[in-house]
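Using the sequences and the hints given, assemble the complete structure.
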Amino acid sequence: MSKTNSNADRFRKQAIAGELEEPVEEARNLAETLGLEPYPVKYWIIDYDEMNELIAYGGFQSRYPHWRWGMQYDKQQKQGQYGGGKAFEIVNNDNPAHAFLQESNTIADQKAVITHVEAHSDFFANNEWFGLFTRGQADDGAVNAAAMLERHAQSIDDYMSDPEIDRADVEKWIDHCLTLEDNIDQHQIYTRRLDIDGDVTDELDEDLAAKLDDLELSEEVKGEVFDEEWLEAVEGDDASIEFPAQPQKDILAFVREHGKQFDEEAGRAVEMEPWQRDILDMMRAESYYFAAQKMTKVMNEGWAAYHESRMMSDEGFAEDDEFVNYADHMARVLASPGLNPYSLGMELWEYVENKTNRREVLERLLRVEGVSWRNLTDVVDFEAVRERLEPPEALVRITPETLEDVVDLPSAYVDDEALEAARAGEIDVGRYPWKVLTYEGLARRHYSLVKRQHRGFLTRVSQNDLERIGRYLFDDARYESVEEALADVEYTAGWDRMFDIRESHNDVTFLDQFLTQEFITENDYFTYEHSRATGQFHVSSDEAEDVKKKLLLQFTNFGKPTIAVYDGNYNNANELLLGHQYNGVMLDLAQARETLKRVFELWGRPVNLLTIVKQVDEHDVEVAKRRNREPEADERGTCLRYDGTEVTVEDVPWEEVEHLAASDVDYDTKPDDWLA
Amino acid sequence: MGLRDDLERFREVGEKRREDLADFIQYGDLGQSRPGSVSVPVKIVSLPEFAYDQRDQGGVGQGDGDTPDVGQPIGQPQPQPGDDDGEEGDEPGEEGGEHEYYEMDPEEFAQELDEELGLDLEPKGKQVVEEKEGPFTDMTRSGPDSTLDFERMFKEGLKRKLAMDFDEDFLRELCKVEGISPREVFEWARGENLPVSMAWVEEAHADVADERGKWDSIEAVEENVSRETVQQKIRREGIKHVPFRREDERYRYPEIIEEKEKNVVVVNIRDVSGSMREKKRELVERTFTPLDWYLQGKYDNAEFVYIAHDAEAWEVDREEFFGIRSGGGTKISSAYDLAAELLEEYPWTDWNRYVFAAGDSENSSNDTSERVIPRMEEIPANLHAYVETQPSGNAINATHAEELEKHFGRDAEDVAVAYVNGEGDVTDAIYEILSTESEADE
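For the record, the sequence lines run as chains A and B. With the numbering used here applied, the first sequence covers 4 to 679. With the numbering used here applied, the second sequence covers 3 to 444.
Quick caveat, the hints were computed from the structure, so don't treat them as lab data. Glycine included, each C-beta is placed from N, C-alpha and C at the ideal position. One should not assume that every hint holds.
[To be verified] Here are the simulated DSSO-like cross-link-like pairs (lysine-lysine), alpha carbons at most 27 Å apart as the crow flies:
1) 18(B) with 175(A)
2) 617(A) with 673(A)
3) 673(A) with 552(A)
4) 551(A) with 358(A)
5) 563(A) with 552(A)
6) 18(B) with 600(A)
7) 617(A) with 563(A)
8) 81(A) with 18(B)
9) 78(A) with 18(B)
[Claimed, not checked] Cβ-to-Cβ under 8 Å is the rule here; a few derived chain A residues that face chain B:
10) 69
11) 76
12) 77
13) 181
14) 186
15) 526
16) 527
17) 531
18) 532
19) 537
20) 543
21) 563
22) 566
23) 591
24) 601
25) 674
[Said to hold, decoys possible] If the Cβ cut is set under 7 Å, some of the chain B residues that face chain A in the computed set are:
26) 3
27) 5
28) 8
29) 11
30) 15
31) 49
32) 52
33) 57
34) 58
35) 59
36) 60
37) 61
38) 62
39) 65
40) 70
In structure tokens, the structure reads:
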């Protein structure tokens, strides 16, 4: 943080903090009534420069020293200066979470950020993918991210200050590690060290010859004691074991356990320095820590936007005079172009809510005597149903004057204690009407199917959906009338389901399950592909199936190709063999070459990468151009190799890469005659 | 550790990785810079990673109220949700653009260029007198308390104390001599240069009336009582108090330094006539822009005047200067007429002056010899320069530069002529121009 904490500065921030005390407290109360279970959140008021700094440093106050942070700050500042960018919220996944409010925000912005942050904090605390990072640690449930990053910062700073270690070398080493930051096994529980088969004896053997050399035994003595045969026998033992036993996706862990560094002067691999291994550990820990956020971006942002909207607009958390500001804020957040995770996520969450609620209602209706999935749309008056589902007036409008009507509401809706307090004037019902309600009460009060924007949802149910629900329904003549059936509707069904989903899903499963034809068509999504014939991108499909396929490609494995270690003793020379698990989309070869050079630094010995590339014959391209077609690409096995001096690229027989090619996926959305 | 450190490191790394200055001037993108700050691109290779081939991957787009038809080409792909990396903002090494910019202020630029080209132009201070507050070294007898020179007052007080103190015990003993009168004691003390007053002696004399007769004579006292110098006494007892006197008070006030400020006015003249095609125009910009930065960095205060001319001349803003193209003929003297007029605001006594002109050496017949040269001689300046930009070699009637060279000679101290036929000549031209003056200085 900048050191400009003059008193005036501090007082100003204190004043803002004072103003926000009540919103913070009430946002928490409301969040909890809505069913959220967030980590405690610590709020900080910071100024513009501090906000820029936090953004540059990835949201944390203490990160390891590296010039890139300085560069990002510089850039951030210039962007702010000339581009007028505005940051609304930063919240850290930590327990307690830390959230930062910029002092220049309007009070409406601040409230929006606070409600948004409470929902993020709930997501951090309850989503299982976030749990992967914490679960493997001794103190289950403690994230301690800020402390961890601070510790890393300290250690790395110590290494940099060590006169024996060159600062630039440390920075370079960090960069090497960062090139593999996404090459971890993000679906596994994070552990500090990884046990890999064939580990224990291995390190010993690799170095045995070198160590014997170090003993400086005379050739004669060596001949007596350690003859070549014996050496080979010991080292050979290990080489015969497949290593690793299974392809290892956590490349960072693998090089941490078995990697070496390349010593320029000696011209060979030598053991890593302790600081190098230590930094590898740290960078890997940070990768795992940030992985959950990358894996749940759409869900998490949608979750926060959804609850922010519930609290700010539906529960009037923004006061009337602030509401215009808030609406403006919301519009700006949701309207940024492209596939915006806020709006995509929020719409999907609303879809989940509506769909669950609709299913609940339909299940009740289908159990009415004489109603089946075949005739439901004919015999049931949806308009009447919707009217029935409307919350009672006493629940909708709660003011100090209507408290007596609240008493008459179903007891599950009302928090009796709070109601008493409200009647005694201890609770400002005018300002916070939700305080006298329970989770059930709020669910009814904000029941999605009767909201203006979702009114058509119930009637839009397709015959297919009805059949799917109705076919397997038992006990299908439980109710005598529609009224009776509707009286049993669980209004919390939608919310309950949302809480379940926020626990177990990540973006890939979330999109896979809930991105529907309806959603894609309504939002005019389409896919595009590159044409070799025209050298341009073209629209390739607007089919929901295709759009979903393409989207999933962008979310699966951080949107990156899957690379794994296939052999740590390749060519029987301790070379590293990586394999690209080819799903039909080829690698960016230029980047792959550069990445291999970095991997070499972490392995110390030659590194190889098996992949599959698509090649198109120049002549075919010419022919295709003339005929307005797309040339047929040829898939070939390729091995990229870096031995410390140059990258070589060689074709390999198909048999060697066959095991890498997935046959059951196809991300290509090009129709056959798309350019015609 | 911390932001300041990381920024510092970024500047260090940035400096190492920034484009070579000469390359930057000749071939780089000069347009990124703002006034007061030169932006030199830094080659920062973003960290590589295993990634999909962008073309092979394709993507998802969103129509604006309608889905576009299949087969329709689209422009640059829209940003994709996977493109940014969650809450933590840009992860290190994922910067979007290819270049970062290394920002230099003009001072640094000038210094770097000096090193790069081996220049050593010392800007001259002109007779612009400015009163500036220097260090607080002058003294006055009154002033605000905070500027009171306490050290001096203490020293003065100490000196006074030393001068005024004397061995009181000894004089008291002296008063005990049989039959001695105060006057005798006083006179003895004066003989010894003791700063004692008659009043003090009289008082002491009265005090020891009872013990009078302890000694027979002054000599006896001198023999038996050891005397102590003031210095010894202070060393033994310490100073109980130092007498501070108003007359010792001195207040410091700042010295007034007369400074010659280094002012410079640079007149940039450019031929915008029909013959000045795009390439020539660009070469002028490449030559003039670094010159402007350089002089801005060298002088405390730099003013720029931009004159465009064809057959007539008019003053323009910098933004327009390099972009104008007119259709007319060429009369270079028109620009010098205007320059002379505009320079009246910047008197030669107070300002360093540089007059840079550029064009393709085409001029109306006899204008160079009859009007331009006399004008140049009339306008006093540190340096007159003409930059000829002829990407396609010489045109027959383009003789302005040649004529100047013939008239002023190659070794003229305040006239430089440089030829720029391509980007590669830019640094040489800059060197030619800037070294002309520095040689003259030697």
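| Hint numbers not upheld by this structure, sorted from lowest to highest | As far as the earlier hints go, not one is violated by this structure.
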